[in-house]
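Assemble the complex: chain A is given as a structure, and chain B must be docked to it using the hints.
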Amino acid sequence: MTSLPTAGVSLKPQHFAEAEACPAVGPRRGLWFEVHPENYMVAGGPRLHWLDRVRAVRPLSLHGVGLSLAGDERPDRDHLARFRALIDRFQPFLVSEHLAWSRRSGVYHPDLLPVPRSREMLTLICAHVDEAQSALGRTLLIENPAAYLRMAGHDWDEVDFLAEIARRTGCGLLIDVNNVHVSACNLGQSAEDWLDRVPAALVGEIHLAGHRPDPVWGEDLLIDSHDAPVSETVWRLHERLLARIGPRPTLIERDGQVPAFDRLLEEQARAAGALASTRTPA
Amino acid sequence: MTAFHHAFSQALEGHFDDLWPHLDPDDRTLGAIAVYRNTAIKARIDALEANFPTVSRLVGDDWFRAAAREFVEDNPGDDPALAGFGEGFPAWLAAFEPALGLPYLSPMARLDRAWTEAHVAPDADPLTPARAAAAGLALTAAPARLHPSARLFWFDWTAPSLWLAHREPEGFEDLPWRPDAEGLLIHRPGAEVIARRLSRAEWAFLDAARDGRPFGAAALSARAAQPAVDASAVFAGLLAAGAFDSICLRSLKP
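Here the protein sequences come in this chain order: A and B.
Sequence positions in the first sequence follow the working numbering and run 260 to 541.
Sequence positions in the second sequence follow the working numbering and run 69 to 322.
In isolation and in its complexed conformation, chain A is listed as follows (with noise of 0.2 angstroms):
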């Protein structure tokens, strides 16, 4: 059918039928699809029949954002139970989400809030990841979101603390380069350091995506936004990555001012090459 999953786009619905239709020739034998899985949790409906239309000719990734791992709250236990439906489901390659939270006291912001890297955050972020995999029946990755704000109280580097994570709870990581170049500018930081310290083993996806000037502060403070093509600066911390970790399924993830689906597929044509022409590491 498929052959492995190299380069993917995030799904969008008006590119259903494309998606769908979509040949698997040349850079495109490895296009691979994420959703938000909240954005599937209805009861029916034509959004699950397409879905499962491309699931049939596509590997599937299920990027989590409400899962609220970071929170001072539990996991919700209807959440939970909604997306390990749709693992059920769309028996998906990859599920991911974030170290963040969104959720509150009974309100959900559709955000990813940063935390402190704290010891007293590890302990209670490592039990909300142990109750989603176990909850989940999988293994997740956990991606760095983009930080704004400098704040007091880290014991952690977040390198050192997403690591920390992997190794007590066994989930891997989802490094959003996109991210770490937001993050290390926003925060006067290396992007290529962070990226050279993370231990390759626990790798198992990465992100793409374009950000924008803030437009206040401008380049002093640059904003995840994912409404603009991948800047040349990521693409190339991507290809730094590869070179040093080997190849990984790498998402070209777009959410807002969508362009055509054949724009997505040039950016994801470009990843797919620098994919191929990585080797892996001996």
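Think of the hints as simulated: they come from the structure by calculation, not from any bench.
Note that beta-carbon positions come from the ideal geometry of N, C-alpha and C, so glycine has one too.
Treat the hints with care, as some may be off.
Derived CB-CB ranges, DEER-like [stated by the list, open to error]:
{"hint": "1", "chain 1": "B", "residue 1": "Trp245", "chain 2": "A", "residue 2": "Gly447", "range": "58 to 64 angstroms"}
{"hint": "2", "chain 1": "B", "residue 1": "Asp142", "chain 2": "A", "residue 2": "Asp455", "range": "45 to 51 angstroms"}
{"hint": "3", "chain 1": "B", "residue 1": "Glu141", "chain 2": "A", "residue 2": "Gly532", "range": "44 to 50 angstroms"}
{"hint": "4", "chain 1": "B", "residue 1": "Leu170", "chain 2": "A", "residue 2": "Asp479", "range": "39 to 45 angstroms"}
{"hint": "5", "chain 1": "B", "residue 1": "Trp131", "chain 2": "A", "residue 2": "Val366", "range": "24 to 30 angstroms"}
{"hint": "6", "chain 1": "B", "residue 1": "Asp298", "chain 2": "A", "residue 2": "Ala344", "range": "41 to 47 angstroms"}
{"hint": "7", "chain 1": "A", "residue 1": "Glu525", "chain 2": "B", "residue 2": "Arg268", "range": "51 to 57 angstroms"}
Stretch-level coverage of chain B by chain A, calculated; a stretch enters the list once three of its residues show a Cβ under 8 angstroms from a Cβ in chain A [unchecked claim]:
{"hint": "8", "segment": "90-96"}
{"hint": "9", "segment": "109-121"}
{"hint": "10", "segment": "149-159"}
{"hint": "11", "segment": "289-297"}
Structure of chain B alone, referenced to chain A:
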């Protein structure tokens, strides 16, 4: 709960004092907090706009997003599945002061909401004319069941026409707001959501079915609502539209 999460939640509502000790502030700190606040608010407004397209088209983008901002501040929601966001929006709009001069807006929001509910409702096989015919006379005594996606409306003015005209932008010029009663069925018998105008008899039939009354009793309701009507033709039309759930056949003895 942790002090940090509490302080950050407060900051998202515009109260920054508690968060300060958790930060390593610089000149961009307020700008950075604003990124988080704006992202969450924008995502909610976008979700509301996607779920109420007819309201948005009637009042325009700017008006809608300004009203939506007030709604989401009072009703932030608790579910990450944003496809269902905005359940309380129609009722909220009815009491929203700037909309008091636009009494048609809340009804339009109710119809938009019904479309969303039909779109994500459970899948179910509609009762087909062939299966209804096979059931024969026994069907008369069987309790009717509407398709789980079905939403019924009866207005004493032309709200359905106004809504339909703005769902399909071709028929825009004449805004059909007249004091004529109109009914509408919004449902999803197959792959797509369908909006179907209802006569008074059809509405009465479906209203009885909604209460789980037998098909025979529903037909009597149709005739009571519109005395000259051919009740079996009304039933045939609704059956062809896929308005009923085939699960109602289960109550029949084999």
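We went through each hint and held it up to the structure:
1. In this structure the hint that Trp245 (chain B) and Gly447 (chain A) lie 58 to 64 angstroms apart at CB holds, the actual value being about 59 angstroms.
2. Taken as a hint, the range 45 to 51 angstroms holds for the pair Asp142 (chain B) and Asp455 (chain A), whose Cβ atoms sit roughly 47 angstroms apart.
3. At roughly 46 angstroms, the beta carbons of Glu141 (chain B) and Gly532 (chain A) sit within the given window of 44 to 50 angstroms.
4. For the hinted restraint 39 to 45 angstroms between Leu170 (chain B) and Asp479 (chain A), the CB-CB distance of approximately 43 angstroms keeps it satisfied.
5. Take Trp131 (chain B) and Val366 (chain A): their Cβ atoms lie about 26 angstroms apart, and the range 24 to 30 angstroms holds.
6. Asp298 (chain B) and Ala344 (chain A) have their C-beta atoms about 45 angstroms apart, which keeps the hinted 41 to 47 angstroms range intact.
7. Checking the proposed 51 to 57 angstroms range against Glu525 (chain A) and Arg268 (chain B) shows it holds: the Cβ atoms sit about 56 angstroms from each other.
8. A count of 6 residues in the segment 90-96 of chain B with a Cβ less than 8 angstroms from any Cβ of chain A is obtained; the coverage claim is therefore met, three being the minimum.
9. For the segment 109-121 of chain B, the proposed coverage by chain A is satisfied: 3 residues have a C-beta within less than 8 angstroms of a C-beta in that chain, meeting the threshold of three.
10. For the segment 149-159 of chain B, the stated coverage by chain A is satisfied: 4 residues place a CB nearer than 8 angstroms to a CB of that chain, which reaches the threshold of 3.
11. By the rule of at least three residues with a Cβ nearer than 8 angstroms to a Cβ of chain A, the coverage given for the segment 289-297 of chain B is violated, with 0 such residues.
Going through the hint list in order, the structure does not satisfy hint 11, though it satisfies all others.
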